[in-house]
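Since the structure of chain B is provided, determine the placement of chain Z on it from the hints.
Each protein sequence line maps, in turn, to chains B and Z. Counted the way our numbering counts, the first sequence spans residues 1 to 381. Counted the way our numbering counts, the second sequence spans residues 382 to 494.
Derived from the structure by calculation, the hints contain no laboratory data. Among the hints, a few may not be true.
What the hints assert, rightly or not - With a cut-off of at most 30 Å between alpha-carbon atoms, the simulated BS3-like pairs for lysine-lysine come out as follows:
# : chain 1 : residue 1 : chain 2 : residue 2
1 : Z       : Lys471    : B       : Lys305
2 : B       : Lys305    : B       : Lys154
3 : B       : Lys42     : B       : Lys306
4 : B       : Lys109    : Z       : Lys471
Said to hold, decoys possible - Quick look at which bits of chain Z chain B covers, simulated, 3 or more residues with Cβ under 8 Å:
# : segment
5 : 404-415
6 : 446-455
7 : 472-480
These numbers come from a predicted model, not from an experiment. Think of the CB as a built atom: it goes at the ideal place given N, C-alpha and C, for glycine as much as any other residue.
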Amino acid sequence: MFTVSCVKPPLSPARILLVVCLSLFSYQIAGAQQDGIPEFDKLRTPVAPGFVLMGIAPTSVARPGAPTDLAVAVLSRTDNLSAVPKNFALEVSPYWLFSHPELTLQQYKNPGLTESILHTASVSVATSSEAVSGAEDQTTSLGVGLRFSILRGKASGKADQYQSQVVDILQRLSDAVADSIAVAIARNPQLAADTEALDRRKREIQHAVQADPASSATLADAKQELIEALQHRQGLSVELAGAGLWDFKNGSYDRRDFVRWGVWLTPALNFENGSLVAVCRYVGDDLDPDDNLVDVGVSAILVSKKYAFSLEGVARAFVEGERDDQHRVAFTLDYEVGTIRWLTVTFGRDFDVEGENSLIALANLSFGFGGQRQLDASSLK
Amino acid sequence: MSSTLTSPYRVGEGVVHLTITVGDGQLGTSTVMLGTERIASGEAIDVDVGRGLEITGNVLVCTTAVTDILPETNHTSVTYDLTGGLQPRKFIQLEDIDPDGTIVYLAVFTFTQ
Chain B
1 MFTVSCVKPP LSPARILLVV CLSLFSYQIA GAQQDGIPEF DKLRTPVAPG FVLMGIAPTS
61 VARPGAPTDL AVAVLSRTDN LSAVPKNFAL EVSPYWLFSH PELTLQQYKN PGLTESILHT
121 ASVSVATSSE AVSGAEDQTT SLGVGLRFSI LRGKASGKAD QYQSQVVDIL QRLSDAVADS
181 IAVAIARNPQ LAADTEALDR RKREIQHAVQ ADPASSATLA DAKQELIEAL QHRQGLSVEL
241 AGAGLWDFKN GSYDRRDFVR WGVWLTPALN FENGSLVAVC RYVGDDLDPD DNLVDVGVSA
301 ILVSKKYAFS LEGVARAFVE GERDDQHRVA FTLDYEVGTI RWLTVTFGRD FDVEGENSLI
361 ALANLSFGFG GQRQLDASSL K
Chain Z
382 MSSTLTSPYR VGEGVVHLTI TVGDGQLGTS TVMLGTERIA SGEAIDVDVG RGLEITGNVL
442 VCTTAVTDIL PETNHTSVTY DLTGGLQPRK FIQLEDIDPD GTIVYLAVFT FTQ
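So here's chain B without its partners, still in its complex pose:
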């Protein structure tokens, strides 16, 4: 299979023709493989398992950041808890609804087991309604999921470097405000008890210091680097998730069916320039036990300045019934080449249920005209 992506004009007519032809060829092959075993990344512990189990990707998701936001989101969509909302998606991290003055950045960077679970726990809830064709019944599906990490790894060493840069800028701001306020109080001691006047003066000084565009840009750049370094954690991480799916006939609680459930486990070992990730997913289908399945996968990624390697394998086993097991292996190489910049080649073998296509080789050739490499730092997360 050949794909071409990230095309940056201008291109010659011949190259455009090549791009179109290869894209069409890629589309045909991709379409033929839609029923195959899912790609490795699609098996990883999902951010919102409640949505994934329903097979939906809601465009509008309520993500309340405070208890009042959560209350408003729920009450407004449930008609004050008197009805099941028809198409509703909610994702909430209970720990972060509230302020935690005791949580320092150092603790956030190096959490223990309990802290890791608390910091990462999120609940996803989604409902979807659809009328059954030719019937009066309307089915409302409700998906509920929980996700958390029992281990998060530690922030990369670069985080300390960028943190120092941000602190230097913040310290200048803090010093400027403190110096000005202290001098003002020395001149007028009554000011020490005048909260409103102090607050006005503080904001004026902060505004004046931050009005310097160079300083603001430097702070923004350093912060962005720090934020990325904090999220790109290294060491052992273990993500867990579970979700259940219920169907309600005509929105009635008494006429409910437990339809499907799933659990995900993703242990990973992340390094500065690589990662080793395993995934395990079980999906149980109460309506059709023959669809109960286990997916297991492993991925190894190594990234350098000029090239990147990825090797991944995925296996699927059906717990009940007589369907054959499936598995896939794939090797991907990213290489920096001249003006094209990134050449991505993927070779693989995809073994389907019938075994008829067991020798099909999957080759994915991508020309990254002006685009990004497929395997970059974000692939390690």
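This is chain Z only, laid out in the frame that chain B set:
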């Protein structure tokens, strides 16, 4: 206006001690002035301010610049712990700020007998 506070603090004969903690996992750094003299600065403040009798009538100015670096929350907070006076006191300031925003907290303590 919870990002600015003023309060008296009753001292005794002991040494008054101040700690400042930036909470909610955010990044912040502080400056502490006794009168017009800077006595401490940095990310973690843990400083002896002075003996009660010596600092009576003085004003302690504490500023803390906090910036939002966590994608999980926009909560920010600063906790001031004053000990060594007649009673230990804890002051907590809380503010939700704009995503990626920066806020300056100000606390002014006047030492009294």
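Going down the list of hints, with the structure as the test:
{"no.": "1", "hint": "Lys471/Z / Lys305/B", "in the structure": "violated, 50 Å"}
{"no.": "2", "hint": "Lys305/B / Lys154/B", "in the structure": "holds, 23 Å"}
{"no.": "3", "hint": "Lys42/B / Lys306/B", "in the structure": "holds, 27 Å"}
{"no.": "4", "hint": "Lys109/B / Lys471/Z", "in the structure": "holds, 25 Å"}
{"no.": "5", "hint": "404-415", "in the structure": "holds (count 11)"}
{"no.": "6", "hint": "446-455", "in the structure": "holds (count 9)"}
{"no.": "7", "hint": "472-480", "in the structure": "holds (count 3)"}
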